[in-house]
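> Sequence:
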Amino acid sequence: MPVWTTLLTNREPGRYPPTSQEQEEILKLSVLGTWRYSKGIYTLHPALLHALTETTLSDALPVDVLLRLPEWCIYIRTPGMIMEGEALHGFWATINDNTSGNSNKRRLYLLINRESGVKMEYMPLKPGSISTLLNETFEHNAAACHIDAESVGQLKKSEPFMTFINGEIGNFSKLLSIMLYICSDEPEIDSEHRPGTYPERPKPVKKKGSGCFR
Numbered sequence: 022m023p024v025w026t027t028l029l030t031n032r033e034p035g036r037y038p039p040t041s042q043e044q045e046e047i048l049k050l051s052v053l054g055t056w057r058y059s060k061g062i063y064t065l066h067p068a069l070l071h072a073l074t075e076t077t078l079s080d081a082l083p084v085d086v087l088l089r090l091p092e093w094c095i096y097i098r099t100p101g102m103i104m105e106g107e108a109l110h111g112f113w114a115t116i117n118d119n120t121s122g123n124s125n126k127r128r129l130y131l132l133i134n135r136e137s138g139v140k141m142e143y144m145p146l147k148p149g150s151i152s153t154l155l156n157e158t159f160e161h162n163a164a165a166c167h168i169d170a171e172s173v174g175q176l177k178k179s180e181p182f183m184t185f186i187n188g189e190i191g192n193f194s195k196l197l198s199i200m201l202y203i204c205s206d207e208p209e210i211d212s213e214h215r216p217g218t219y220p221e222r223p224k225p226v227k228k229k230g231s232g233c234f235r
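In the numbering used here, the protein residues as written are 22 to 235.
Keep in mind that the hints were calculated from the coordinates and are not lab data. The reader is advised that the hints may include incorrect statements.
Stated by the list, open to error - Simulated restraints on C-beta separations: (1) 69 with 174: 38 to 46 Å; (2) 107 with 76: 39 to 47 Å; (3) 68 with 157: 31 to 39 Å; (4) 68 with 110: 18 to 26 Å.
Where is the CB? At the ideal position from N, CA and C, for every residue including glycine.
Can you build the whole structure from these sequences, using the hints too?
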């Protein structure tokens, strides 16, 4: 997200790295900024939504399917869902595909819209189980906080960590099941902007003057 860092802080990413709190806000705003281009909102039938969240995902995450996200960033409504003890109104989902050909740097970003406010979640988007990818994310974040590998190893054996990671796996599994349906070959969804058509990423339009959004 170097471009967003520059736009939102007016600083060069390499020279003045943002603090962890600034980085969190940059990630949130970058997701919302990306969604602003198409404003795609998806609402599933309650019975289908329930069935999808009860679906068990296979060990191998189908990355190729998730890469078929119909728009750069989408918002999915989740009426009636509860996450971590509070109502989940919905979530934004986007993929940072600007990786200069290095697929190992792809990340899936989820901005969770909860009763108490929005929460940023992310994980690498590459082959592997949800458990493996979330553990990798935890180790990456721990290293960024200068926690040594031995301490991380001990922490991962603790009961609080196991409770935390199992909760994260459950949460991600539900949200990813919904996303996989939307990214499937023939989901029963329409474009809000053009009913009767499948949503698609906005195409560049030549116009006088400058502007980012429509």
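> State for each hint whether it applies.
Hint-by-hint comparison with the structure:
Remark: the range hint 38 to 46 Å for residue 69 to residue 174 is upheld by a beta-carbon distance near 41 Å. Distance hint for residue 107 and residue 76: a CB-CB separation of about 23 Å, inconsistent with the stated range 39 to 47 Å. Distance hint for residue 68 and residue 157: a CB-CB separation of about 35 Å, consistent with the stated range 31 to 39 Å. The beta-carbon spacing between residue 68 and residue 110, approximately 19 Å, falls within the hinted interval of 18 to 26 Å.
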